[in-house]
Amino acid sequence: MFLINCPFCGERDQSEFSSGGEAHIVRPKQPTELSDDEWAEYLFMRKNIKGIQFERWNHVHGCRKWFNVVRDTSNDKILSVYKMGEKPPVNYK
Amino acid sequence: MPNYRIHKTEYIDETKRVSFKYDGKTYFGYEGDTLASALLANGIHLVGRSFKYHRPRGIVSCGAEEPNAICQIGSKKDLTEPNVRATELELYEGLEASSQNCWPNVKFDIGGINNFMSPLIPAGFYYKTFMWPKSFWKKVYEPLIRLSAGLGKSPTEPDPDIYDHKYVHYDVLVIGGGVSGIIAAKMAAKNNLKTLLVDDKKILGGSTIYQNNESIKIDDKLSSEWLKNEIQEIKKLSNLTIKTRTSIAAYHGYNFLLAKENLTDHLPEEKKENKIRQRLWKIRAKKVVIATGSIERPLVFNNNDRPGILLSNSINKYLDYYGVTCGENIILFTNNDSAYETSISLHKKGIKNIIVDLRKSASSELIKQAESLGIKIYFNHVVTNTFGYRKINSLEIMKLSEDGNTTVGNKIRLSCDCLGMSGGWTPMVHMHTQSGGKLDFRDEDQVFLPKENSEDQISVGSCNGDFDLENIIDKTVNKINKFLDIDNQDYQDTNIICSKENDKRNIWLLPNKIPLGKTKCFIDFQNDSTAKDIKLALKEGFRSIEHVKRYTTTGMATDQGKLSNMHALGIIADTAGVKMGTLGTTTFRPPFTPLTFGTLVGRNVGKFFEVVRKTSMHEWHVENNAEFENVGQWKRPWYYAKKGENMHDAVQRESKAARDSAGILDASTLGKIDIQGTDASEFLNRVYTNAWSKLAIGKCRYGLMLNEDGMVYDDGVTTRISENHYLMTTTTGGAANVLSKLEDYLQTEWPELDVYLTSVTDHYSTASICGPNSKRILNKLFPNLDLSDENFPHMSFKEDKIENINCRIMRISFTGELSYEINIESKYGHSLWKMCIEAGKEFNLTPYGTETMHLLRAEKGFIIVGQDTDGTMTPSDLQMDWIVSKKKYDFIGKRSLYRSDTIREDRKQLVGLLTDDPKEILEEGAQIVSDVKSKPIDMLGHVTSSYFSPNLNKSIALAVVRSGKTMKGQKLIIPMENKNINVTVSDTIFLDKENKRLNA
Chain A
1 MFLINCPFCG
11 ERDQSEFSSG
21 GEAHIVRPKQ
31 PTELSDDEWA
41 EYLFMRKNIK
51 GIQFERWNHV
61 HGCRKWFNVV
71 RDTSNDKILS
81 VYKMGEKPPV
91 NYK
Chain B
1 MPNYRIHKTE
11 YIDETKRVSF
21 KYDGKTYFGY
31 EGDTLASALL
41 ANGIHLVGRS
51 FKYHRPRGIV
61 SCGAEEPNAI
71 CQIGSKKDLT
81 EPNVRATELE
91 LYEGLEASSQ
101 NCWPNVKFDI
111 GGINNFMSPL
121 IPAGFYYKTF
131 MWPKSFWKKV
141 YEPLIRLSAG
151 LGKSPTEPDP
161 DIYDHKYVHY
171 DVLVIGGGVS
181 GIIAAKMAAK
191 NNLKTLLVDD
201 KKILGGSTIY
211 QNNESIKIDD
221 KLSSEWLKNE
231 IQEIKKLSNL
241 TIKTRTSIAA
251 YHGYNFLLAK
261 ENLTDHLPEE
271 KKENKIRQRL
281 WKIRAKKVVI
291 ATGSIERPLV
301 FNNNDRPGIL
311 LSNSINKYLD
321 YYGVTCGENI
331 ILFTNNDSAY
341 ETSISLHKKG
351 IKNIIVDLRK
361 SASSELIKQA
371 ESLGIKIYFN
381 HVVTNTFGYR
391 KINSLEIMKL
401 SEDGNTTVGN
411 KIRLSCDCLG
421 MSGGWTPMVH
431 MHTQSGGKLD
441 FRDEDQVFLP
451 KENSEDQISV
461 GSCNGDFDLE
471 NIIDKTVNKI
481 NKFLDIDNQD
491 YQDTNIICSK
501 ENDKRNIWLL
511 PNKIPLGKTK
521 CFIDFQNDST
531 AKDIKLALKE
541 GFRSIEHVKR
551 YTTTGMATDQ
561 GKLSNMHALG
571 IIADTAGVKM
581 GTLGTTTFRP
591 PFTPLTFGTL
601 VGRNVGKFFE
611 VVRKTSMHEW
621 HVENNAEFEN
631 VGQWKRPWYY
641 AKKGENMHDA
651 VQRESKAARD
661 SAGILDASTL
671 GKIDIQGTDA
681 SEFLNRVYTN
691 AWSKLAIGKC
701 RYGLMLNEDG
711 MVYDDGVTTR
721 ISENHYLMTT
731 TTGGAANVLS
741 KLEDYLQTEW
751 PELDVYLTSV
761 TDHYSTASIC
771 GPNSKRILNK
781 LFPNLDLSDE
791 NFPHMSFKED
801 KIENINCRIM
811 RISFTGELSY
821 EINIESKYGH
831 SLWKMCIEAG
841 KEFNLTPYGT
851 ETMHLLRAEK
861 GFIIVGQDTD
871 GTMTPSDLQM
881 DWIVSKKKYD
891 FIGKRSLYRS
901 DTIREDRKQL
911 VGLLTDDPKE
921 ILEEGAQIVS
931 DVKSKPIDML
941 GHVTSSYFSP
951 NLNKSIALAV
961 VRSGKTMKGQ
971 KLIIPMENKN
981 INVTVSDTIF
991 LDKENKRLNA
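For the protein sequence lines, the chains are A and B, in the order given. The opening position of the first sequence corresponds to residue 1 in our numbering, with each subsequent residue numbered one higher. The opening position of the second sequence corresponds to residue 1 in our numbering, with each subsequent residue numbered one higher.
One or more of the hints may lead you astray.
Each computed EDC-like pair below joins lysine to aspartate or glutamate, with the alpha-carbon atoms no more than 20 Å apart [to be verified]:
1. B:Lys202 <-> B:Asp265
2. B:Lys894 <-> A:Glu33
3. A:Lys87 <-> B:Asp744
The hints are simulated quantities; they were obtained by calculation from the structure and are not laboratory data.
The whole structure should be built from the sequences, with the hints applied where relevant.
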């Protein structure tokens, strides 16, 4: 059971949050211009990394804010949290 | 009656005699006993039959690892408990226990015949035998297996006991109150860290607490005396909490642990009453010290499972802690020094014993001590067989060859009434691995050890592979100082003298002249798997330890292989010729020992089982005989049965009344989201398929919301209350998810939009009045409101007051009738409802529930998202192309509407179905075909909604059918179990296609 440091509320139990999958997948600005394959890439394709992964979490039973998390999926350690719109920490690239 | 209690100890209170029943017979023990020690004191070893062969089995151990002495406690239907380990169960006055897995009784067991049939029950027997014929499974095999399995009985009535949950936070959690745990806890607490020490036993001290060997001393005292002082000291520490009778069940990530505290299991019946039985502790600790100790290993030789064969150290504990001897003529069979401690203890109490040692020779203080006491030792010998049916009475030993692979010389037969075995020690690495830690293998004594300790977790003491006291104390002190980053000097000058083990010899499967196929060398006592089974599994091609485990069921019983897993691994490694360390282990999963469901559930039983949401009109519905339907967490009136009516009658009456005169529905549960901000219109444009910019203030519009994959997600009516203010309604079940989804887009994709979302579902109560007389009823409620079609047309919104309370009134319809929804602040909901009912009396205003609502909307062909859709339906599939804007550049899901798959013509599409026999009502979910003769039958779709319409006087249904749009008028078949129902594809709108009733 993770402890997640919500950037707005502080450290809280995982049960207050819901996971929103991979982060930094930007919705295309002009979907109509895309081919089926390009649209499918946005819609369906997700990485499933063993190691450092950027993911979205929502403090759904708290402030309801979405934010980003850097997590090492091999040991579940959360290395960093940052707000939506902020650049991911470069040292985890 | 024989008495094996041969001396007094401080842990047994002989002034407090306790009577208990075992298998119906009354016995006596003392306060301080476990059920196992009391049975042994009464000379009872035989406590059960084995699972597969029904062989007599006796008590093997004195703790959580016990495979045999599991019993059923109590006989009441609500309070009986199976699989309780007699070795852990504290004795109390009036305890009733019985042995499991034997019929008719433990001494004469019919299943014992399996023992003689055992060549017919090899590994994988169940998989191999019960495969065919298939038809036998349900009627023959399954009942047979269930009958003979008999691992205890579960209670058949609700558990009346009280359970509790508690959340705690500590700086340091120490698991295990033996020497190393006590030292760690003391160091942490004295350094001002808030510390919790848990131990599963009644008292602290582990196995050192009864240690009385003169050759093992700390600061010139017996180690047990020294430890008692330490315990006295830590009890005085103010920031140390000590919880005994508390065992860690699970170690989850981020140092989140679950512990079970036993509060009343050791008390007599009358003292348990109204007390919490067990408490589940949910612990968050910054640091965790694992000091869970180790468990002695059995040895694997022929007939190693007879009653009277125990672990050597358990014999020692029964003697020195409980004052009970397990026999009068004991043989100890060992490959290490620890059995010598048992031997010396027995000798001192005058119990005759001899030692059979696998090792060629050995030299240590303990061995010298045993030799000087004149204890007979057979070095380089192995036990090859044991004898005695209900209890061991003798055994055979032989000399080992130089390489240890075979036996040499003549058999020597020795008589005995008890055999202690010691195959070395297995560190309890469960907690370490549950926390995600990896293991290393140490070849010299064949143990798996915690590989690296993380910054949050550390293992100390014998669970870390440190076995002698000097090593344990020194290493624990050093490691804890480092781990907690402290400098504690308390043990700087502690002087420890102990015997050091110098010689080791490990043989997993002991050699025997008898071919393996004819031996019974048990590995897993509880699941009856033998060395032969493991070898057979390997022969049949199984290689992975996880597969061998499941095929042979080794380690899969209630003890989870605490005594057997290492031997299974060892034999696999030896047979396959690989190094044991490379095999890995099976996964150590929580819980460490079984938990009751009651503990896990805690107080969330009965009305606390689940959150229930009720509307403010709920009491009225109850008073008026509503049957309720669960919709999400909501309780919604399903139908209101009048006297003598069944559900069908009630729904037909309600449906007819709503169309003939007036009906009223509690619509408070619909999700309501308040949307405000200068970009609210633009936001709606992006989330709904249709256009919103031109919606005038005071008007309502129906919207369809898609997922990005183009599939229908939710629907509802949204009202424009003012320029930048909308009220969105969602389906009852979808409210929370819709809000989350909208928030997601707002916060992550379109943060530039000035839009604010607030869930107001609970803020407003809604009464929906429909039917040709609804306008007249509204007129009585709101006499000043102009209800003319010109002033208040369909799909529009007005505000007015009832007795000075604001109401929002929408003229919208889900039934196809003239219809008004009145929204009022929730606290007035009940009053509003009663006023509506009162005003409607003269018009036969009929309250109706969700079933009638579903029927009425189906007559009009309105979909219910989640019933007529299932996450694979596009708007076009629903024949709702009219609601998808062609002009809008983008909205959620738009691009997906012309993917190659979504534009297929032969997708499943929504149609209406009319049965040829108008009285025949289809079953929802029924399959639809066109031809029942050609096999395999081509499935075209299924029925999604089906009702008997009282207003049309015929059966109607909605269905999804492949290429359904083009099939109007076609005949199809619904094949049911005993007949085929003929239907015709129709339009989805069955009633009032011209929408005349909306303005009736």
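Verification of the hints:
Taking the CA atoms of B:Lys202 and B:Asp265, the gap is near 11 Å; set against the 20 Å cutoff, the hint holds. Between B:Lys894 and A:Glu33 the alpha-carbon distance is near 12 Å, which keeps this suggested pair within the 20 Å criterion. Straight-line distance between C-alpha atoms of A:Lys87 and B:Asp744 comes to about 18 Å, which keeps the hinted pair within the 20 Å bound.
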